[in-house]
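Student: The residues making up each chain are set out below.
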Amino acid sequence: MSEPFEPKIIAFVCTYCTYAGADLAGTSRLKYAPNVRIIRLPCTGRISPMFILKALQKGADGVLISGCHPGDCHFTHGNYHARRRWMVFRALLDFIGIPPERVKYSWISAAEGVKFAEFINTVTEDIRKLGPFEQYSQLIEQTQASASL
Amino acid sequence: MSIEEQYRTRAKELLSGGAVKMVIGYGKGTTASRRRPLFISSPDDVERLVLDDACITNLSGYLVSEGLLSDEKRVAVFLRPEGIRAVNILAAESQLDAEQIVIFGFDVSGTEVRALKGIHVEEFSDVIGSIKEGAPEASEEELFEKIEKMSPQERFSFWQEEFAKCIKCYACRQACPMCYCRRCIVDSNQPQWVNTSSHSLGNFEWNIVRAFHLSGRCVECGNCDRACPVNIPLRLINHRMAEEVLGAFDHFAGMSKTQEPVLASFKKDDSETFIL
Ligand code: SF4
Ligand code: SF4
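Same order as they appear, the protein sequences are chains W and C. In terms of this note's numbering, the first sequence is residues 1 to 149. In terms of this note's numbering, the second sequence is residues 150 to 425.
Next comes chain C alone, as it looks inside the complex (with noise of 0.2 Å):
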């Protein structure tokens, strides 16, 4: 039995017997290749359910629309192993019960997918663990290279001219699993951080503040890249920063749903060269 069916018969059985009000999965894309969100709550929509290599998108965003677990019961999600990361995340700074959230995990490796066991989120750790000791490299990683070796000037440049594109629609924010405040700093006018037009001055800010916010928080999982309509590689600043707090506090995002928020805490320790 393929993976897609045995997921889709356990989400019947769940959402039959009243283990979860609701399976948040992927459904049929407006094209082939494409994939969307689906929400079931009824054991006869299962079959809608579609599990292949095109579902990359990290639903773990959902788990946190407004009211959703507030009735205590379970939900049901489809998860990659950054998703599961996110909800580690999620449960670590207190916006979600892991033990709400019963996962569907799977892996994806070329067009192949796997199953990946287990049910809550810490039954996981061996699979976050061993992405940990693989040290993820960046999606591109030659341009990434090249962008460090940039001087200061020419950096700015590139980032100048990335920047530029945007147009401050913030689905980078909306589509992240992370940017889940109610308000954001860039939508606060009293005081006004952050210029709000897309002008380059705006644009820098908006994205300095959106990458800070997220370190050590992101889990590359691409969501916010492939939101992007001009197309500016967010992934390579969050993988640099992802990159920053694992060297620099061996700290590697969404190990455990008991895991201590790495700007929120410290050690007595963290060793700097910079501070006068």
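So here's chain W without its partners, still in its complex pose (with noise of 0.2 Å):
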């Protein structure tokens, strides 16, 4: 029988607020799903839709972005700055057939522990349902294949 399916999720943070945020959850013993991993940035600003192609070119069915709240920034702006970027790379993922489902984005501040681990909940539920990211995976087998001569 094969192993019931675990969503790799990788998380991409800014640390004065979701990895602050995260911090809280976890000395308050807030349990959360286990399928994340946690990339810590300085800003959001800093999150270079780069860091999202190559998480799912290694292989993560899910990916979330999560920063400081809108005038919370720890720069001043990075965060303004990296909202305007999301809006445009989520179209183009969108038009490009990568379903939003996959990519999610997020608000949470240092105090909010609790919505950090229910935003990991939900968000790992909702990809479990949805299931691996066959369609990339399997471009990335391809890329395995070995060459025939």
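It is possible that part of the hints are untrue.
What the hints assert, rightly or not - Quick list of in silico lysine to aspartate or glutamate cross-link-like pairs, EDC-like style, CA-CA up to 16 Å: (1) C:298 <-> W:94; (2) W:8 <-> W:101; (3) C:416 <-> W:72; (4) W:129 <-> W:94; (5) C:417 <-> C:399; (6) C:161 <-> C:194; (7) C:161 <-> C:196; (8) W:8 <-> W:126; (9) W:58 <-> W:134; (10) C:295 <-> W:94; (11) W:8 <-> W:94; (12) C:417 <-> W:72.
What the hints assert, rightly or not - In silico contact screen, one side only, chain C against chain W (beta carbon under 10 Å); selected entries: (13) 194; (14) 268; (15) 308; (16) 332; (17) 351; (18) 386; (19) 390.
Hints in this document: simulated from the structure, not taken from any laboratory. Just so it is clear, the structure is predicted and the values come from calculations on it, not from any experiment. Just so it is clear, CB atoms sit at the ideal spot from N, CA and C, and this is done for glycine as well.
From the two separate chains plus the hints, produce the assembled complex.
Tutor: If you want it as structure tokens, here you go:
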């Protein structure tokens, strides 16, 4: 019997808000799904769309991106820049056929440990329902096919 | 006098008076229906200039050729409205000084070629404004709408099939006036963001990156689309992105030489509905 599907999710978070929120979730001993690998960055403005593509390239079934609420950015407006970029990138992914449900965005502050835990849980469940990102893993498998001469 | 002749005369005057050091225009191509870029710096060569409905290539990209404008001399160039928009963007992104560019503006409807009045970019703002108002449609509205109606899975398959043809020749990048980076992200290998092989994954990544970097900058001139040797309908992706920035930020690329690049600026009240 094959093992039940456990989604592999990558989260890109900013260190000042969401990472601190994750920390709070931890110190408050909140339970949340262990499917998420968190990558901490200085600011949402540092989260390049290339990171999302890289995560997919490495076989992620879902990607999360989160940072400080608008107005709360440690660098004053990194998250405003990020927001525009996400709006455009999301539209692009959608048009190419990468379902928007696989890449999720949120604002989570350092005080929102509960929101963080809930966010991770909901997204993990959603992606579990969607199943593995087969269309993308097909692409990845093709790259591993041995060369035929 | 035909526009072709008017423009030849004007080119001759500008070159012989030393007002411009070069005229970039169109010359005869390898077949009767093709035109190729022509670079002339002597007034005796103006007879080689051709201007007709086959002049479609956006020539603005040549303006950022290395060293061309660094002597601060002026260069004249034949441009359609998209080309003029491209010059605005290049100026807004500090790639050139719009003062150095003398424009031979023209537009084509059907087989008729029409001159656009003006010399410098700012004189064409009405023309550009009216294109924006006209809400340009995708060149293949039907296919475009069909794609929009597909489920994500179908869209993925559609593009997978299209991108499978890509040979990573980067002709689309080479042909694009906006792709002026000395070092493209796909040429960087420390780290290597994008798979360089032209397998489906690499092709997906490349085409996503290309489209993203041109979002809000693409003027839909079609250079990339025509350059693609395997006919991937890049115009559809470009159009989708242009539509997105217009709808979300009221941004029409290349409105003026001081327009803020859409992804290098923001409004505090940019409104979205998907951030949880
Ligand atoms: S992406 Fe294509 S259509 Fe857009 S400006 Fe570049 S060459 Fe022209
Ligand atoms: S021109 Fe076409 S085949 Fe060449 S890299 Fe661009 S999309 Fe691929």
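Student: Evaluate each hint against the coordinates.
Tutor: The hints, checked one at a time:
1. C:298 <-> W:94: holds (12 Å)
2. W:8 <-> W:101: Holds, because 14 Å separates the two Cα atoms, which is no more than 16 Å.
3. C:416 <-> W:72: holds (15 Å)
4. W:129 <-> W:94: violated (19 Å)
5. C:417 <-> C:399: With a Cα-Cα distance of about 15 Å, the restraint between residue 417 of chain C and residue 399 of chain C holds, given a limit of 16 Å.
6. C:161 <-> C:194: holds (8 Å)
7. C:161 <-> C:196: Given pair residue 161 of chain C, residue 196 of chain C holds - Cα atoms ~9 Å apart, limit 16 Å.
8. W:8 <-> W:126: Since the Cα atoms of residue 8 of chain W and residue 126 of chain W sit roughly 12 Å apart, the hinted pair holds (cutoff 16 Å).
9. W:58 <-> W:134: holds (13 Å)
10. C:295 <-> W:94: Distance of about 14 Å is within 16 Å: holds.
11. W:8 <-> W:94: Measuring from Cα to Cα gives roughly 20 Å; hence the hint is violated.
12. C:417 <-> W:72: With Cα atoms ~12 Å apart, residue 417 of chain C and residue 72 of chain W stay inside 16 Å; holds.
13. 194: Where the cut-off is 10 Å and the nearest Cβ of chain W is about 44 Å from residue 194 of chain C, the hint is violated.
14. 268: With a closest approach of 34 Å, the residue 268 of chain C hint is violated.
15. 308: Hint on residue 308 of chain C: holds, closest Cβ of chain W at ~5 Å, below 10 Å.
16. 332: violated (15 Å)
17. 351: holds (7 Å)
18. 386: Cβ of residue 386 of chain C sits 7 Å from chain W, so the hint holds.
19. 390: Since the shortest Cβ distance to chain W is 6 Å, the answer is holds.
In summary, the structure is inconsistent with hints 4, 11, 13, 14, 16 from the numbered list given earlier, while agreeing with the others.
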